[in-house]
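Chains as they are written, first to last, in the working numbering: chain A, 1 to 277; chain B, 1 to 272.
Quick caveat, the hints were computed from the structure, so don't treat them as lab data. From a predicted model like this one, the values you see are computed outputs, not experimental measurements. Heads up, some of the hints might be wrong.
Below are the DSS-like pairs computed for lysine-lysine, each with C-alpha atoms no more than 30 Å apart in a straight line [unchecked claim]:
{"#": "1", "chain 1": "B", "residue 1": "245", "chain 2": "B", "residue 2": "229"}
{"#": "2", "chain 1": "B", "residue 1": "229", "chain 2": "B", "residue 2": "218"}
{"#": "3", "chain 1": "A", "residue 1": "187", "chain 2": "A", "residue 2": "39"}
{"#": "4", "chain 1": "A", "residue 1": "39", "chain 2": "B", "residue 2": "229"}
{"#": "5", "chain 1": "B", "residue 1": "245", "chain 2": "B", "residue 2": "218"}
{"#": "6", "chain 1": "B", "residue 1": "245", "chain 2": "A", "residue 2": "187"}
Residues per chain, in single letters:
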Amino acid sequence: MSQFVSSSPPIAPAPRGIGRTISEGLGQGVAIFGLEARKLAHDPSELLFRAVQPALWLIIFGGVFSSIHVIPTAPYTYLQFLTPGILAQSVLFISIFYGIASIRERELGIITKFLVSPTPRVILVGARGLSASMRGLSQALIVILLALGLGVALNFDPLALAGVVVAIILGAALFSTLSMIIASIVKTQERFLGIGQLLTMPLFFASSAIYPLSVMPAWLRPIALANPLTYLVDALRTLMLPGETGLYPLWVDFAVLLGVTVLLTVVESRLYPRMAQ
Amino acid sequence: MSSSSSSPILRTQELTRRFGEFTAVDRLTLSVEPGEIFGLIGPNGAGKTTTIKMLTTLLPPTSGEATIAGYDLRRDPAEVRRSIGYVPQLISADAQVSGYENLWVFARLYSIPRAEREVRIRDALEFMGLSGVADELVKNYSGGMIRRLEIAQALMHRPRVLFLDEPTVGLDPLARDAVWEQIERLRGHYGTSLMLTTHYMEEADRLCERIAVMHRGKVVALGTPAALKASLGAPNATLQDVFTKYAGEEVEMAGGGYREAGRTRRVAVRLE
C-alpha cells in the first residue's frame, strides 16, 4: 500500500489526451451524481413531503376550476390541461431551492474540498444540475399517478413518455442551476430563501402552467414567452395530451430548455469557485 | 531554508494577496522540504488561512509565485490539485452519507482506477481506524472520527503535500491525541509533506519540524521549535513565549471578529 515515495523528484506526466480527459470527466460526473443519489436513498422524506403540493393543486384547484368552466381549454378538460402544468410547477418548486445545499456546504467546508479536487468546475456544476433531475423525476411519477387516479386521459405512448423524461431532466437542471447561481451570489441562507420565495410565484404565474397564454393580459404575454417554464409546460403538454401540437414545435421547446441550461451552467461554473474564497 | 539536499516540494516567492486596501499575505517567501511537517502559527488575521487558500488553488494570488511538486500554481492549477490534499478548518465530510461513501466520491473525483478504488478505500478506512464504522452515516460519527475521515479522504490519491487547516480545533484532548498520532503515522507511512496551521502551541511544538510565525501577513520568525525558543534567550522559554513576543500586541484582536468567531464555534459545536 505504501509504494509511494514522495522524495523522488516530480516527473512531468505524459500529456493528457482528450480521451483520458473525457473518461475522467465522466467518472467525476458519476461521482457527483452518485453522491446525490445516495443522499436521496438515505433520506427520501423530502420527496414524499413534496408530493403534497401537486396533490393539492390537482385535486382542489383543478377540481374547483374544472367545475366552474372559466378557463377555455377545449378540446381538453381543464384537468387534462392542468396536469402537465402542475408537473412543470412541481419540477420548478423542487429545483428552485436546490441551491440551499450549496449554501450549507459553504457554511461547512464541503465546497472547498470539491474545488481543491482536480474536477473541472463545469463538471462540478453540470453534474449537480443533472442530479437534481432525480428529484424532478420523482415528482413526475407522483403527478402522473395522481392524474391517473383522477381519471385524466394522458398520452402513454412510450416515445412520448421518453420525451417527458428528457423534458423533466432539462427543466430540473435549468431551475436547479439557476438556484445555484442565486446561492453563489447571495451566499447566506436568509437572503437565498427570500429571493427563492420572491422568484417562485412570478415564474409560476407568468407561465402557461395553469391558464393558456391566450387568456393573459397583453402585457403579461411577452413576459411569459421569456419565461423558461413556459417552454417546459409547452413541451410537457405537447407530449402528454393526445393530439396536442403546442405553442411551438417540440424541438423549439427542447432547444430553449437546453440552451438556457447550458448558459446557466457556464455562468455558475464561473461563480461557484467564489463560494470558497 | 533547511539543510536538506533535495529540492523543496513547495516553494513560494513573494506570494501576496490583497483584499482591496488590506494586504492579507505580504510577500511570503518560504519552502517546505519533502516529508517535512511545516507549521504556520500566528493570531487570527495573520494570513495563515489566506496562504493555505492560495496554495490550494482556491484563491488566486495578487502577485508572487509558488510551485508545488514542481507545478506552477498559476500556470498549472489542475496539476497542483492532483498533487495536494486539503483538510479545511471547517467540516468537509458529508454528514448525510456514510464514511465509505464519502471516500468513494473522492476516489472517483481523483480518478483512482477502478481496480485500485476498493483497496484504497479499505486501506484508508483501516489506516484511520474507521473500518468498523464505514457504513454508518457520518452524522453519527464523533468529532475525532470526522476529522480522521477527512484526513483519509484527503490521502486516498497519495498527495505529495497535505494541507491541514486547524486540524484539531474543537476536539477534546483524547481525540486530539488520536489525530496527532495519525498525522505522525501518515507522514512515516506515505512520506507526505504537511503544512498545517494551528492555534495550539503544544500541537505545533509536538508535530512540526519547522514553524513560521506569521503576523500581519508576514513571516516574522522561522525555524525549528527548539531554535525559535532558544532565540528568546530565556531559559525554559516555550513556544507560547515565542508567539507572544512576535504577535503579542494583537491580544485585543484575538478571536478575529464576529464572523470568524461564529465559524470557529460552529465547527466546535458540530464536532462535539
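Problem - Given hint residue 187 of chain A paired with residue 245 of chain B - CA-CA distance at most 30 Å - result: violated (38 Å)
Problem - Distance restraint between residue 245 of chain B and residue 229 of chain B, which requires alpha-carbon spacing of 30 Å or less - result: Answer holds: residue 245 of chain B to residue 229 of chain B is near 11 Å, not above 30 Å.
Handout entry: Straight-line alpha-carbon gap residue 187 of chain A to residue 39 of chain A, limit 30 Å
Key = Between residue 187 of chain A and residue 39 of chain A the Cα gap is close to 23 Å, so the pair holds against 30 Å.
Handout entry: Hint consistency between residue 245 of chain B and residue 218 of chain B [alpha-carbon to alpha-carbon, up to 30 Å]
Key = holds (15 Å)
Handout entry: residue 229 of chain B paired with residue 218 of chain B [C-alpha distance capped at 30 Å]
Key = holds (19 Å)
Practice task
Decide if the proposed pair is consistent with the structure: residue 39 of chain A and residue 229 of chain B, CA atoms, cutoff 30 Å inclusive.
Solution key: With Cα atoms ~50 Å apart, residue 39 of chain A and residue 229 of chain B exceed 30 Å; violated.
Checked against the numbered hints given earlier, the structure breaks hints 4 and 6 and satisfies all the rest.
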